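Asks: Listed below are the residues making up each chain.
Number of protein chains: 2
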Amino acid sequence: MEYRFSSNVQRLQSSAVRDILKLTQGKEIISFAGGLPAEELFPLDAIREAAERVFQTGKNSLQYGLTEGYLPLREQLCVRMAQKNMHVTPDEMIITTGSQQAIDLVSRILMNPGDVVLVENPTYLASLQVFGLSGLNVVPVESDKDGMIIEEAERLMKQHKPKMVYVVPTFGNPTGRVWSLERRKGLIELCQRYGVLVLEDDPYGEIKFDANANYPTLFSLDGKEGGGHVIYTSTFSKTVAPALRTGWAIGPRQVIGNMAKAKQAADLHSSTLDQQTLDQLLQHFPLNDHIRTISKAYGDRLQQMQALLTQQRWSDVKWVEPKGGMFLWLELPEGLDSEALLRAAVQKNVAFVPGASFYAADPQRNKARLNFTYTTGERMATGIARFSEALNEFLARC
Amino acid sequence: MEYRFSSNVQRLQSSAVRDILKLTQGKEIISFAGGLPAEELFPLDAIREAAERVFQTGKNSLQYGLTEGYLPLREQLCVRMAQKNMHVTPDEMIITTGSQQAIDLVSRILMNPGDVVLVENPTYLASLQVFGLSGLNVVPVESDKDGMIIEEAERLMKQHKPKMVYVVPTFGNPTGRVWSLERRKGLIELCQRYGVLVLEDDPYGEIKFDANANYPTLFSLDGKEGGGHVIYTSTFSKTVAPALRTGWAIGPRQVIGNMAKAKQAADLHSSTLDQQTLDQLLQHFPLNDHIRTISKAYGDRLQQMQALLTQQRWSDVKWVEPKGGMFLWLELPEGLDSEALLRAAVQKNVAFVPGASFYAADPQRNKARLNFTYTTGERMATGIARFSEALNEFLARC
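Chains as they are written, first to last, in full-length UniProt numbering: chain E, 1 to 398; chain S, 1 to 398.
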């Protein structure tokens, strides 16, 4: 029979990352494409012990759970949030299947098809997909190394009356960028003035290379001024392990309540086995020490990657050194199409993500995102050598 | 600030089951309301061993996985599906967070807001919520003890040109009803004629009290006639345990492909720890024997509940004995409002679900759904005594 699909899914493109992963299946390829954390650093033994403790609590651990999430986990997460100056109670929090689901739920409860959401340009690829799935009108705001340009955000708020702004202010994906304090405060002030909600996505905030650096969340800044303008979401995918697919969102009680209603319809609840395992893990495992360990390792890997790239002595390949997160955002010479470069790179058995996919509009085709957390040591050196060879062939032709 | 929510979420009611559960929190209440499987029958040791085997495979088990789901699990599920005359390959299958998510994904990829979905009347409460969340126009089809009335379905197909029909043909929720073979074939024929997709929801099909009974799925009947008209979904929540939140859907490759695109945006993938655990469980645990054990136990519990109700010698309280599943669907005397009865019952520390919530339109207020799988033995006897006391007070007033 002939299938008629919804308008939203027809618009939805499969992600470039995904298509590349398919392209590379079965090949001995070194991939800097995926946003994968380092497997060798996963706290497997601690997770195994935590799961065992859950099983020891008995068969009740295998029953249906609350849509809002396992209460003891929410209670522990509230304590962790408070340590970052975000003060909430468990009923202002919902556990989600990764922070990805939080973005989806917020979109579904706030936005009607055609409603405007403002985003950084470029921004997280899969957020653009979520917004597409809900049929939203995604309007990009010009951004620079310090974050969204506030004057532009204000102009677009006046013009479009958006309900929501979506931002990744700390170690953004793909740029690795950190918003300045001024821009953070500026956006909050705008949102307070124009009655706009911010969805603050913070999957990478704890992966910082300077352990003493402090980047206050928008949620904490809003709290000081009256509050209620920010929904904050984060995840255990980068700090513990992705397989447990556990994220959370905090926000105004009304918003969280509606997210729970939507989640009840969408999937009833997330895996309670995973939630209880994380609850046990937080009780018995020094997670903050672990986060410092992986952050240190990722910082070292970034240094290695930068050194390998610097050796090439390119005059017109630039980047801003990220202070955390998982990605290096390369600016290639003007006129170089990074999608063509990718095709050449894959021939040499190396992959990355071309920059264009991350733009809601006006894509810059001479950008490339390289992940520096997954591939390490000799393998990283080989991968960057292959990448450099592909790039050098392009540069020779320019 | 003042929050403006989406039209869909504003329409979305919190479920009656949920509100009742809240009502009963902290009280020593005996609940026949939830659709909870029996905890004491969960194969905890087998799940624990399966999880341990997953951890033994190493740290790679904790990495991100495929949106479509863990391939070895899909391969094993294809074998299980083939045993029920449903022949698919792993790329015609997607793993979901419970079958609930399959309903959501199908709605999102097929339907635009306002599109018509036909449903049985009454039907699964949370399916009505999902359809509401996508802003669908839900049109109920008159149904009797043998399933949907085919002439009515045809009339409504001509009138509304629906894209989809949603049905639970085997041990439906709330009715426990099994569709006759004739009705099954009748619906498939209609869908083939009018180019309509069927979403066949089968969470309970394996929980049958006559082990030799055979109820062919709509998917298997369609397969014989050309195929491609049915998306079939089921779950491990009733046969293994709900905490692992793992369901699956099979269907035409194009449909499954679009479900994967939507799922990538919605939550990237479901817990791979749970999926790998289920894969190990299927390899080492005699699941079919376990399903026979729980089905036998549930059949016994149904008998106990029916005996307790029969003892009351009500002349105008009726039900059709279900041949499987988890629910008894009571018809109370005409004019008796089961929501009022629930309020009285909760005063006596017993709960059930009033029937009205399950109707897309024209609710019958004198129906009540009782779960017979969770509460057992003396506790069931006490619960039914309390329920009977509440009901007898109502009957005395009639």
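Any given hint could be a false lead.
Any copy, or any two copies together, can satisfy a pair, since identical chains are not distinguished.
Taking lysine to any residue pairs in the SDA-like style, the calculated list, with each CA pair at most 25 Å apart, reads [claimed, not checked]:
id : residue 1 : residue 2
1  : Lys59     : Asn288
2  : Lys145    : Pro286
3  : Lys158    : Phe5
4  : Lys59     : Pro286
5  : Lys59     : His290
I should point out that these hints are in silico values taken from the structure, not numbers from a laboratory.
As the structure is a computational prediction, the values presented were derived from the model and not from experiment.
Asks: Are the hints correct? Go through all of them and say.
Replies: Against the structure, the hints:
1. Lys59 <-> Asn288: between (31 Å within a copy, 20 Å between copies)
2. Lys145 <-> Pro286: Classified as neither: same-chain Cα gap 34 Å, cross-chain 58 Å, threshold 25 Å.
3. Lys158 <-> Phe5: between (35 Å within a copy, 20 Å between copies)
4. Lys59 <-> Pro286: between (27 Å within a copy, 19 Å between copies)
5. Lys59 <-> His290: between (30 Å within a copy, 16 Å between copies)
Violated hints amount to a single one, hint 2; each of the other numbered hints is respected by the structure.
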